[in-house]
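There are 2 protein chains.
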Amino acid sequence: MNIQPQIDPGQEPSATQRAYLAVRQMILTGEIPPGEKLKIENLRKKLDMGGSPIREALTLLVSDLLVERLDQRGFRSAEVGRENFAEILKLRCHLEEMALRESIAHANQVWEDNLVISHHRMMREPRNNVERFEDLHKTFHMNLLAACTSKVLLKFCNQLYDLNIRYRYLAGRALDYSTRDIGSEHTAIMNAAVDRDTETACHILLDHYQRTGAFLERLFTSEAAE
Amino acid sequence: MNIQPQIDPGQEPSATQRAYLAVRQMILTGEIPPGEKLKIENLRKKLDMGGSPIREALTLLVSDLLVERLDQRGFRSAEVGRENFAEILKLRCHLEEMALRESIAHANQVWEDNLVISHHRMMREPRNNVERFEDLHKTFHMNLLAACTSKVLLKFCNQLYDLNIRYRYLAGRALDYSTRDIGSEHTAIMNAAVDRDTETACHILLDHYQRTGAFLERLFTSEAAE
DNA sequence: GAGTGCAATAATATCGATTTTTTCGCAAAA
DNA sequence: TTTTGCGAAAAAATCGATATTATTGCACTC
Chain A
19 MNIQPQIDPG
29 QEPSATQRAY
39 LAVRQMILTG
49 EIPPGEKLKI
59 ENLRKKLDMG
69 GSPIREALTL
79 LVSDLLVERL
89 DQRGFRSAEV
99 GRENFAEILK
109 LRCHLEEMAL
119 RESIAHANQV
129 WEDNLVISHH
139 RMMREPRNNV
149 ERFEDLHKTF
159 HMNLLAACTS
169 KVLLKFCNQL
179 YDLNIRYRYL
189 AGRALDYSTR
199 DIGSEHTAIM
209 NAAVDRDTET
219 ACHILLDHYQ
229 RTGAFLERLF
239 TSEAAE
Chain B
19 MNIQPQIDPG
29 QEPSATQRAY
39 LAVRQMILTG
49 EIPPGEKLKI
59 ENLRKKLDMG
69 GSPIREALTL
79 LVSDLLVERL
89 DQRGFRSAEV
99 GRENFAEILK
109 LRCHLEEMAL
119 RESIAHANQV
129 WEDNLVISHH
139 RMMREPRNNV
149 ERFEDLHKTF
159 HMNLLAACTS
169 KVLLKFCNQL
179 YDLNIRYRYL
189 AGRALDYSTR
199 DIGSEHTAIM
209 NAAVDRDTET
219 ACHILLDHYQ
229 RTGAFLERLF
239 TSEAAE
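Line order of the protein sequences matches chains A and B. Residues 19 to 244 in our numbering are what the first sequence lists, from first letter to last. Residues 19 to 244 in our numbering are what the second sequence lists, from first letter to last.
Please note that a few of the clues may not be correct.
Because identical chains cannot be distinguished in the list, a pair is counted as satisfied if it fits within a single copy or across any two copies.
Stated by the list, open to error - Cross-link-like lysine-lysine pairs, in silico, BS3-like; alpha carbons within 25 Å at most:
no., residue 1, residue 2
1, 169, 55
2, 173, 63
3, 108, 55
4, 63, 156
5, 64, 108
6, 173, 156
7, 64, 169
8, 63, 108
9, 57, 156
10, 156, 55
11, 156, 169
12, 173, 64
For the record, the hints were derived by calculation from the structure and aren't laboratory data.
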C-alpha cells in the first residue's frame, strides 16, 4: 500500500487550486476591487486555463464570502463596508476566544513548537514585503488556535481571518503599525499561551483585535467622509 | 428598469441549483450514507445532466461541510461521528445565542409576524411527513434569528443547523419526540421572543438544544456499543 | 507465497464548443 | 421626454469529448 499518498506535497497543484489561490489573493489584496464583476472570459485569459476550473474556484470563493454568485448572472467580488467590518470583528473576537481557550486546554509539545517557530519567522520577516508578512502573520495566529479540536470552529476562524485581512489591505499604507508596537503584543500573546495562562492570553488577543479594529474603523470613517 | 429581478421566484432553477438541492437533501436524509463516494457519472445519470453542474454543486456542498473533496480523487459525503456531533452542538449553542440576542435587539413588526406565521405552520404540520416537517422546523428557527443584522453569523447558524439535522435523520424513528413535548418548548421560545424577553428566550432555546443533543448523544453511544 | 511492476480499467479534471440567458442599444409608440 | 419592445451582442451555463490521474488485476520475480 502507498505510504501517505495524501500528504505528498510534491505533486503540482490542480488548475482549480491555482485559480482559487490566484483569485483569492487578487481579492484579498484589493487588486480586484470590491463589487467588481468577475468575468469568466477575462480570468480564463489571465490565468490561461479553461472555464471549468475558473467556475469551480469562484464557487469555492463564494463559500468563503469573498465572492457573490448572482444566479444566471455570474460572479462578483463581495462588497465591503463599515457594518460588514464591524460584524466580522465582533464574530472574530467571540470565536477566536472560544478557539484559543480550547487550544490552550489541549496544548501539547508539537503545538508549542510550531507556535514558537511561526512567531520567530514572523518577527524576522521584513515589513516591506507585505504579502509575505501577512502570510506569516496569519500562520502565527492560526497556530495559536491549532490545538483546538473543533474543526468547524477552526474553519470559521480561518474564514473570518481572511475576510478581515481584506480590510487591512484596503487600508493599505496607513496601516503600517508604525504607531504601535505590534511585535511586543504578539510576543505577549505567545508567552501567555505557552505558559497556559488562558485568561491573560485571551485578554491580550482580544485587546489586540479591538485596537486594530478601532484603528481601521477610524480610517473607514474618515474615508467615508470624503 | 426591471422590478426586483433577483427576487423573482418564477424562473426555473439552474441545473447547478437543482443538483445542489438534490444532493444536499440526499445527504441530509441519509439516502447517501456518510463517507460514501460521490461519483460524477452516477449522479449524472441519476439527475440527468452534464458533469459541470454536478461538480459545481458538489463544490458548494464542500463549503457546507457536507461533502469532502479529495484532491484528484473526487468527492465523498462527509463522515459523521460523536465528536463531530458534540462540536456542532457546542458551536450552535454559542452562535445561536449570539444571534438570538441580536435578533431580539433589532426586532420589528415584520420579524414578529413572520415568526408567528412560521410557528403556526410548523405546529399544524402532521409529523408523518418528516421532510416537510423538518423544513418548517428549520424555517421557524431561522426566523427566530432573522432580525440579527450580521449576515455572516446567520450564515454560520444556517450551516450548523444543516450539519445538525443530518444527525436527526440518522437517528431516524428513534427521534420522534414522543417522550417530550417539543411543541410547548417551541411555543415558549416564541412567546419569550415576542415579549422581547431576551434572557428567557435564550435560556429556553439553549435548553431545547441541550436536551435534544443529550438525547441524540445517548443514541450514538448505544449504537457505537453494538 | 509474498511482494513488485506493469498494463488495463475506471474515474477525475479539464477543455473547446454549443445552448441558453441576460444585457444593451436603438427605434417606435405614448 | 419617457416608456416599451424588439433584435443584436455579450456573457453565463451547460454539454460532450479529451487528457490526466488514480485504481485494479495479473503476471512475474524473489
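Evaluation of the provided hints:
{"no.": "1", "hint": "169 - 55", "in the structure": "between (33 Å within a copy, 21 Å between copies)"}
{"no.": "2", "hint": "173 - 63", "in the structure": "neither (32 Å within a copy, 33 Å between copies)"}
{"no.": "3", "hint": "108 - 55", "in the structure": "neither (29 Å within a copy, 38 Å between copies)"}
{"no.": "4", "hint": "63 - 156", "in the structure": "neither (30 Å within a copy, 43 Å between copies)"}
{"no.": "5", "hint": "64 - 108", "in the structure": "neither (36 Å within a copy, 44 Å between copies)"}
{"no.": "6", "hint": "173 - 156", "in the structure": "both (13 Å within a copy, 23 Å between copies)"}
{"no.": "7", "hint": "64 - 169", "in the structure": "neither (34 Å within a copy, 32 Å between copies)"}
{"no.": "8", "hint": "63 - 108", "in the structure": "neither (39 Å within a copy, 46 Å between copies)"}
{"no.": "9", "hint": "57 - 156", "in the structure": "neither (29 Å within a copy, 35 Å between copies)"}
{"no.": "10", "hint": "156 - 55", "in the structure": "neither (28 Å within a copy, 33 Å between copies)"}
{"no.": "11", "hint": "156 - 169", "in the structure": "both (17 Å within a copy, 24 Å between copies)"}
{"no.": "12", "hint": "173 - 64", "in the structure": "neither (30 Å within a copy, 32 Å between copies)"}
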